[in-house]
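Colleague: Just so you know, the protein sequences line up as chains A, B and C, in that order. Each residue of the first sequence is one higher than the last, beginning at 1 in our numbering. Each residue of the second sequence is one higher than the last, beginning at 1 in our numbering. Each residue of the third sequence is one higher than the last, beginning at 1 in our numbering.
Derived by calculation from the structure, the hints in this document are not laboratory data. Remember, predicted model here, so these are calculated numbers, not experimental data. Don't be surprised by glycine CBs; every beta carbon is placed ideally from N, CA and C. Careful: at least some of the hints might be erroneous.
Computed list of chain A residues with no C-beta within reach of chain C, every gap over 10 angstroms [stated by the list, open to error]:
#1 100
#2 114
#3 130
#4 133
#5 141
#6 146
#7 168
#8 189
#9 198
#10 206
#11 222
#12 262
#13 300
#14 340
#15 342
Taking lysine-lysine pairs in the BS3-like style, the calculated list, with each CA pair at most 30 angstroms apart, reads [what the hints assert, rightly or not]:
#16 B:85 / B:8
#17 B:99 / B:124
#18 B:124 / B:85
#19 B:85 / B:130
#20 B:99 / B:85
#21 B:99 / C:191
#22 A:345 / B:99
#23 B:78 / B:8
#24 A:345 / C:191
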Amino acid sequence: MALTDRKTEGRPRAPFPRWPLRAGLTLGSIAATMLGLLFVTFMIGRVMPVDPVLAVVGDRASPEMYQQVYERLGLDKPLIVQFALYLRDVAQGDLGMSLLTSRPVSEDIARVFPATLELATLGTLIGVLAGVPLGVLAAVRRGSWIDQIARVVALIGYSMPIFWLGLMGLLIFYGILGWVGGPGRVSIFYDGMVPSVTGMILVDSALDGNWTVFRDALSHIVLPASLLGYYSLAYISRMTRSFMLEQLSAEYVTTARVKGLGERAVIWNHAFRNIRVQLITVVALSYAGLLEGSVLTEIIFSWPGIGMYITNALLSADMNAVLGGTVVVGLAFVLLNVLSDLLYKFLDPRAA
Amino acid sequence: MTDLLDVKDLWVRFPTRTGVFDAVRGVSFRLGRERLGIVGESGSGKSMTGRAILRLIRPPGQVEAAHIRLDGENLLDKTEAQMRKIRGERISMVMQDPKFSLNPVMTVGEQLIEAYRLHARGGKAQARVKALEMLEAVSIRDPERVMRAYPHEMSGGMGQRIMIAMMLLPDPDLLIADEPTSALDVSVQGQVLQILDRLVQDRGMGLVFISHDLNLVAQFCDRVLIMYAGRVVETCEAARLHEASHPYTRGLLNSLPRFDAPQGRLEVLRRDPAWAETPSVGPDP
Amino acid sequence: MSGAGMRAWLLTDTPRSRGQARAAALYQGWLAFRSNPLAMVGLAILILLLAVAAFAPLIAPHDPFVQDLGNRLKPLGTPGHPLGTDSLGRDILSRLIYGSRITLYIVTLVALIAPIAGLIVGTVAGYLGGWVDMVLMRITDIFLAFPRLVLALAFVAALGAGIENAVLAISLTAWPPYARIARAETLTIRKSDFISAIRLQGAGPIRIVTRHIWPLCISSLIVRVTLDMAGIILAAAGLGFLGLGAQPPSPEWGAMISEGRRFILDHWWVATMPGLAIFTVSLGFNLLGDGLRDVLDPKNET
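All chains, full assembly: derive it from the sequences and hints.
Modeller: So, in structure tokens, the structure goes:
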């Protein structure tokens, strides 16, 4: 007996492949968001009570000098033109000059960003490796002591100020116990010993084969990375648990059991497989959150990353640096969000 | 007829905040290589009975019975590891809605192959061949394409046929069908039932057909069990259903419209709380 | 009405008036909430915070601003200074107590500004639809795309340090989620029959949005606000830590941690105590929020 599948047969095919259209729309969406972002930073820069001209020329400049700089900064032009010029500069990678370092902001940021990336990457790694199994276990053994511990871990993670916990960590593990290295990325005498390839000392020293520096860098990064890792794990474990609970009560799980599948296979091959894609979004968001969390963490550990760069700039009223840093972190955020969206669409067979 | 399945005094209880809820209360029945229909409304305990047989009910649910015998062996005495061998290989279950009962992120092929390899030796290649054969047996026209597809790409009827194929692949002796056609369009229901009918007959399997549709069960099964509030209120042969005596069954029968005996007004089923109190009718005839 | 009579009136299944229905819903919600011990702990912490802030002048043993350089950095348990003194000889306990007022001030302002702004934007976008929706949602997405703390930093950098600017900066980054929630609810409610009914009766969009849609969004917003409170407190503390919040000599908890940071190795309590205070209050809000969510939105129960 022949039975037709009415759903897919006979449906008119689209005249052209759909993915270029979707890619275009996504790019357009990113561009629109970035535009808005830049507009906000641009406006913040214009709102300041500090006179940007005076910041450049100083108090005792002559009126002519003031006028010159005023025109050079483009402040005489209408706002929309100024914004356009700003956009042009940013597109070329020009984020202005830093008052503090007297170097281009983009150069400064290129120098400090890898330090933050190293921290955020390690922290997210810890969060995933510890958080996912914890979340799965908490869901599978709902209500048990593991579940309660996971809940407490998450609760503390959502309630504890990160800079305070970092301070306590430094006090206990460095000050009292001496188990880890202190503030900074490496001990002073190792500074600059390893050629900088990626800007991440762990990677660079491994590439160079210099294991002494590697171990030293490790002892310095372990505490801040664990700190960020804790917050990452609190979030990831909570989300994993929530997703798993949803899947474990689904019918297909019963089907798998009816087939005679063992419980471990049911959990990992069936239920977990359904949340993989959602977890990618969670990990991306967690990474973004750690980039943000590093702002406060880096001060505590004297970690020369973008967070410390922005706060130092803040305290010195170096607006170009602050806004430049904001733009870069904002861009990283947007890219992470888009990446997770794309991966979601790519990996979930239902989204096709 | 030797018994394939022998259930005696089955109770399924769930502790809730307001006391213990008895979903199944003292149900008993016997089944050979024939078709038994279990009919009841929502909440009558019919689905729970099916799941209890497979020992799928997990704590805090509690399952108690004098025995649940499959070919003479009491399933309640088995360890979980032993049950896993029995599930799929000797008893299988087809569920209501393939939209939910098939894993959305695995291809149909992967799920079929898994069902086969859990209980048979042989590599992936052989499993694949068997899976294709099975898909053809359930009248799927382009089995290669279906193997590569995902469940959400299938229509309801197709999905249910895939479900049936998957559950019959390991060649079980007993099949429990829990509302297998309730989620399907009426036009497709008949086709799926025909396939089920043919396969069960060809393999000489026992079938427990759970449904709320009395007419359907009466046509499809050899014997019928009527459940109400966790108890069996009546059992009879399907052919003799119109001779049923229990007021609940009569109420169900009378509330269905009939072309050959039009009524001015359809009877409304009146439920007597006493029906829930009387003990279950035992396995018979 | 007697006590027993009142209870029966509140627990009834068949309310006779709208007022009774509302009172019954509140009472039964309260009963569900009360059965959750952790939620009660959260509530207790919150009440404690309110009490301490309200009665600060009566509770605090010392003036939080008075310096006593001869008494600097005294440890815990010093007579007269149970939590010790800071680098200027000020009593830490008193500063913590008065700092609770600042915390409460910031939290209350943000908890009013952000959700209300989000409610307006979200309901307008959801109800009017079309290009208004698109524009408003694009703006919301832009603010959502920004890392919260960094944006708040940039704002305060531009506007200058100070507690009001900190409140504004945090609110500006906190409102987008509420807009999203309000819009989602509005889109669902908009299609309901009762909205069509009142529209047929001649109600204009403003009346529909304010009188009918807003009340239905309130409960999800309340849950979200309570859950966000902890984040707001932490953000405010972060800004204070960076010196961007309440200015010295204000006893803001975040700023106190920053001041005590220099002495962390030898006089650890100066930075530790304010951190514990922040942690306790955040924890309280989180527990309260979880409890409220279990009562008001049980399908999301964790």
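Colleague: Decide, hint by hint, whether the structure agrees.
Modeller: Going down the list of hints, with the structure as the test:
| no. | hint | result |
| --- | --- | --- |
| 1 | 100 | holds, 13 angstroms |
| 2 | 114 | holds, 18 angstroms |
| 3 | 130 | holds, 19 angstroms |
| 4 | 133 | holds, 18 angstroms |
| 5 | 141 | holds, 15 angstroms |
| 6 | 146 | holds, 15 angstroms |
| 7 | 168 | violated, 7 angstroms |
| 8 | 189 | holds, 22 angstroms |
| 9 | 198 | holds, 23 angstroms |
| 10 | 206 | holds, 30 angstroms |
| 11 | 222 | holds, 19 angstroms |
| 12 | 262 | holds, 28 angstroms |
| 13 | 300 | violated, 8 angstroms |
| 14 | 340 | holds, 13 angstroms |
| 15 | 342 | holds, 16 angstroms |
| 16 | B:85 / B:8 | holds, 23 angstroms |
| 17 | B:99 / B:124 | holds, 26 angstroms |
| 18 | B:124 / B:85 | holds, 20 angstroms |
| 19 | B:85 / B:130 | holds, 20 angstroms |
| 20 | B:99 / B:85 | holds, 26 angstroms |
| 21 | B:99 / C:191 | holds, 27 angstroms |
| 22 | A:345 / B:99 | holds, 20 angstroms |
| 23 | B:78 / B:8 | holds, 17 angstroms |
| 24 | A:345 / C:191 | holds, 29 angstroms |
Figure legend: structure checked against the earlier numbered hints; hints not met, in rising order: 7 and 13.
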